[in-house]
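Protein sequence lines, in the order shown, are assigned to chains V and S. The first sequence runs 1 to 69 under my numbering. The second sequence runs 70 to 576 under my numbering.
Treat the hints as calculated values from the structure; they're not laboratory data. Please note that the accuracy of each hint is not assured.
A few chain S residues that face chain V, going by a derived Cβ cut-off under 7 Å, partial list only [said to hold, decoys possible]: (1) Thr130; (2) Asn132; (3) Ala184; (4) Val191; (5) Glu315; (6) Asp316; (7) Tyr503; (8) Thr507.
Here are the simulated lysine-lysine pairs, DSS-like style, with alpha carbons at most 27 Å apart [said to hold, decoys possible]: (9) Lys61(V) - Lys401(S); (10) Lys77(S) - Lys66(V); (11) Lys77(S) - Lys47(V); (12) Lys117(S) - Lys147(S).
Just so you know, even glycine gets a beta-carbon here, dropped at the ideal spot from N, CA and C.
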Amino acid sequence: MSNLKDFFGKKVKVINLGIPSFADDLKRQNVEVIHTDWRPPAGGNKKIQALLDKVETWQNKVNAAKGAK
Amino acid sequence: MVVSHLVKKQTYFDSVTLMLIGSQVKKLDGIENAVVGMCTDYNIDSLKRLDMYHPDFDSLTPNDLIIAIKGSDEKTAKAAIAEVETRLTSKKKSSESAQLVPTNQEAAAKQLADANMVLISVPGEYAAREARIALNAGRHAMLFSDNVSIEEELELKTLGTEKGLLVMGPDCGTAIINGVPLAFSNAVRSGNIGLVAASGTGLQEVTSTIHRLGCGITQAIGVGGRDLSEKIGGKMTIMATKALIEDPETKVIVLVSKPPAESVLKNLMSEIKNANKPVVIYFIGADPKLIEAQGFTAAKNLEDAAVQACKLSTGKSYEPEFSDAKIDEMSKKIKLPTGNLRGLYSGGTLCDEAQRILRTSLPEIYSNTPVKGCKDMKDVYKSEGNCIIDLGDDVFTRGKAHPMIDPDNRAQRMIQEISDKSVNMILFDVVLGYGSHTDMAGEMVEAINKGKKASGNNPVMAACICGTQDDMQGYSNQAAKLEDAGVIVFPTNVAMVKFAQKCLERK
Numbered sequence: 001m002s003n004l005k006d007f008f009g010k011k012v013k014v015i016n017l018g019i020p021s022f023a024d025d026l027k028r029q030n031v032e033v034i035h036t037d038w039r040p041p042a043g044g045n046k047k048i049q050a051l052l053d054k055v056e057t058w059q060n061k062v063n064a065a066k067g068a069k
Numbered sequence: 070m071v072v073s074h075l076v077k078k079q080t081y082f083d084s085v086t087l088m089l090i091g092s093q094v095k096k097l098d099g100i101e102n103a104v105v106g107m108c109t110d111y112n113i114d115s116l117k118r119l120d121m122y123h124p125d126f127d128s129l130t131p132n133d134l135i136i137a138i139k140g141s142d143e144k145t146a147k148a149a150i151a152e153v154e155t156r157l158t159s160k161k162k163s164s165e166s167a168q169l170v171p172t173n174q175e176a177a178a179k180q181l182a183d184a185n186m187v188l189i190s191v192p193g194e195y196a197a198r199e200a201r202i203a204l205n206a207g208r209h210a211m212l213f214s215d216n217v218s219i220e221e222e223l224e225l226k227t228l229g230t231e232k233g234l235l236v237m238g239p240d241c242g243t244a245i246i247n248g249v250p251l252a253f254s255n256a257v258r259s260g261n262i263g264l265v266a267a268s269g270t271g272l273q274e275v276t277s278t279i280h281r282l283g284c285g286i287t288q289a290i291g292v293g294g295r296d297l298s299e300k301i302g303g304k305m306t307i308m309a310t311k312a313l314i315e316d317p318e319t320k321v322i323v324l325v326s327k328p329p330a331e332s333v334l335k336n337l338m339s340e341i342k343n344a345n346k347p348v349v350i351y352f353i354g355a356d357p358k359l360i361e362a363q364g365f366t367a368a369k370n371l372e373d374a375a376v377q378a379c380k381l382s383t384g385k386s387y388e389p390e391f392s393d394a395k396i397d398e399m400s401k402k403i404k405l406p407t408g409n410l411r412g413l414y415s416g417g418t419l420c421d422e423a424q425r426i427l428r429t430s431l432p433e434i435y436s437n438t439p440v441k442g443c444k445d446m447k448d449v450y451k452s453e454g455n456c457i458i459d460l461g462d463d464v465f466t467r468g469k470a471h472p473m474i475d476p477d478n479r480a481q482r483m484i485q486e487i488s489d490k491s492v493n494m495i496l497f498d499v500v501l502g503y504g505s506h507t508d509m510a511g512e513m514v515e516a517i518n519k520g521k522k523a524s525g526n527n528p529v530m531a532a533c534i535c536g537t538q539d540d541m542q543g544y545s546n547q548a549a550k551l552e553d554a555g556v557i558v559f560p561t562n563v564a565m566v567k568f569a570q571k572c573l574e575r576k
């Protein structure tokens with residue numbers, strides 16, 4: 001576990017998902033930010049989204065196990 | 070009246086952008102209604118309710134955009150649709166750079182590989198998923214989104230505390246992390262006061278007041294309104310407060326929240342009891358003795374939390390910007406006729422604070438978000454008696470942007486309240502800063518002038534400005550606009566409400 005206090009003082013770099021003006025405000029302050037043209041995953045189909053999430057969780061577990069070897 | 074529509078398949082815009090455009094187009098001549106939104110269940114229900122539904126919408130998905138306009142004739146409605154398209158095109162162009170715009174978090178992380186914070190304002194049903202992705206990749210998360218279940222919040226905060234990562238929210242509107250204001254935050258100088266708050270406007274009010282008093286902050290960490298509930302157990306408040314205790318730059322800590330669940334309060338106190346620095350606590354409505362008994366400083370209200378923190382951070386003496394004597398003098402100039410008071414708030418915590426102070430001065434107060442001792446409004450759209458209303462509450466923001474962003478709802482309500490002959494005084498807040506409207510004072514003044522002209526009524530108008538001179542709107546610029554329109558301006562909500570109290574006592 002990392003400690004939150006170690007994050008204090010570090011440069012904040014932001015991924016913005018959703019309202020574009022939040023990214024615009026950060027850009028105006030010269031904060032490094034990347035705005036995403038976000039849209040609902042899997043075309044908004046919840047069932048497909050849940051399946052894709054399961055596959056990704058499984059993939060992460062496999063990758064973690066490979067890394068542990 | 071005719072209804073025209075246009076469907077743009079696989080065209081996604083965030084709800085705030087769409088609601089603002091819908092609101093602007095609704096004001097055009099000959100337009101009765103405009104629904105500009107993604108094909109969500111809520112928007113489909115609204116279209117049916119407004120008699121604007123068309124079978125073309127049957128097979129659409131949440132990735133498809135609907136523009137539906139009810140106008141005086143087809144030509145007018147079609148022209149309004151064209152206007153929406155023009156506005157959308159300009160929004161799209163302004164948000165796109167030459168660089169390829171990523172469409173999801175993973176793609177964004179490839180372009181900004183060392184990103185360490187994800188600001189999430191997507192629809193609530195997708196927000197937890199994005200926060201989970203952020204945390205698993207080692208990034209802190211701020212969830213501006215609401216409508217995230219408490220079970221999901223618990224899961225995310227458990228993961229966050231395991232990894233030492235912030236989960237600010239859900240429904241967290243304000244944070245200033247390492248000097249970077251996120252979402253609705255004010256331009257506040259750096260200093261040595263660290264804050265943790267389960268209230269967005271509470272955090273804005275305290276940080277702005279600290280700035281105006283001449284002090285500054287290290288961190289302002291929002292945790293979301295449910296963090297200190299029994300279910301969440303104050304996970305983020307405890308983690309953030311402990312980090313501030315260990316932070317050498319932070320000399321004083323301020324905690325702001327609604328009263329925590331009893332078991333959570335006990336645990337929080339035990340976790341922070343060995344703090345080697347002063348802790349100022351404002352648990353709204355809680356007994357100060359509970360806090361003082363633990364050796365912490367209890368604040369009486371948001372303004373007092375800022376004053377106490379400044380005192381402890383410098384060892385010097387600080388007083389509220391408007392003293393009680395000054396407020397008393399100001400109230401002597403007012404001859405308040407018999408009538409009703411109305412409060413039109415955009416900030417929920419400020420609305421709550423006003424009710425708590427005024428409930429001792431008024432026999433009955435009605436609100437859409439009543440505190441103990443106040444009553445539920447029968448009809449939230451029509452005030453009766455003394456009413457203090459939170460226009461940022463869900464009931465007013467479904468399908469409409471928050472009143473700090475879009476002044477339209479509150480401007481209409483302002484005109485409505487001024488036109489009510491029984492009203493003798495109107496209180497309202499003007500919240501400045503990032504995320505907020507660029508000229509809220511100007512918008513409110515326009516509504517006040519319209520209301521006064523149409524009705525001939527002239528109630529006492531008072532406003533508090535939550536913000537700083539460094540905010541893009543500029544405190545003094547906004548104050549001057551209000552004062553020119555005859556509005557009495559206060560630097561804090563507490564000062565404004567005390568003024569109202571004095572006027573009522575003198576009546």
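Quiz item: Holds or violated: is the Cβ of Thr507(S) closer than 7 Å to a Cβ in chain V?
Solution: Result: violated, 10 Å to nearest chain V Cβ.
Practice problem: For the pair we were handed, Lys77(S) and Lys47(V), check the Cα-Cα distance against 27 Å. | Solution: The hint holds at about 23 Å.
Quiz item: Would the hint on Val191(S) stand, with a C-beta cut-off of 7 Å toward chain V?
Solution: holds (5 Å)
Quiz item: If you draw a straight line from the CA of Lys117(S) to the CA of Lys147(S), is it 27 Å or shorter?
Solution: Given that 27 Å is the threshold and the Cα spacing comes to 20 Å, the pair holds.
Exercise. Sort out whether Lys66(V) lies within 27 Å of Lys77(S), counting only the CA atoms.
Key: violated (44 Å)
Quiz item: Hey, does the Glu315(S) contact hint survive, CB to chain V under 7 Å?
Solution: Check passed: Cβ of Glu315(S) comes within 5 Å of chain V, closer than 7 Å.
Practice problem: Please verify that hint: Tyr503(S), Cβ, nearest Cβ of chain V, below 7 Å or not. | Solution: holds (4 Å)
Exercise. Let me know if the C-beta of Ala184(S) comes in closer than 7 Å to any C-beta of chain V, holds or violated.
Key: holds (5 Å)
Practice problem: Using Cβ atoms only, decide whether Thr130(S) comes closer than 7 Å to chain V, and label the hint accordingly. | Solution: Because about 4 Å separates Thr130(S) from the closest Cβ in chain V, which is inside the 7 Å limit, the hint holds.
Exercise. Report holds or violated for the interface hint on Asn132(S), using the least CB-CB distance to chain V and a cut-off of 7 Å.
Key: Holds, about 5 Å.
Quiz item: When you check the alpha-carbon spacing of Lys61(V) and Lys401(S), does it fall within 27 Å?
Solution: Cα-Cα ~71 Å, so violated.
Self-check item: Hint validity - Asp316(S) Cβ closer than 7 Å to any chain V Cβ
Solution: holds (5 Å)
Comparing the model with each earlier hint shows violations of hints 8, 9, 10; every other hint is respected.
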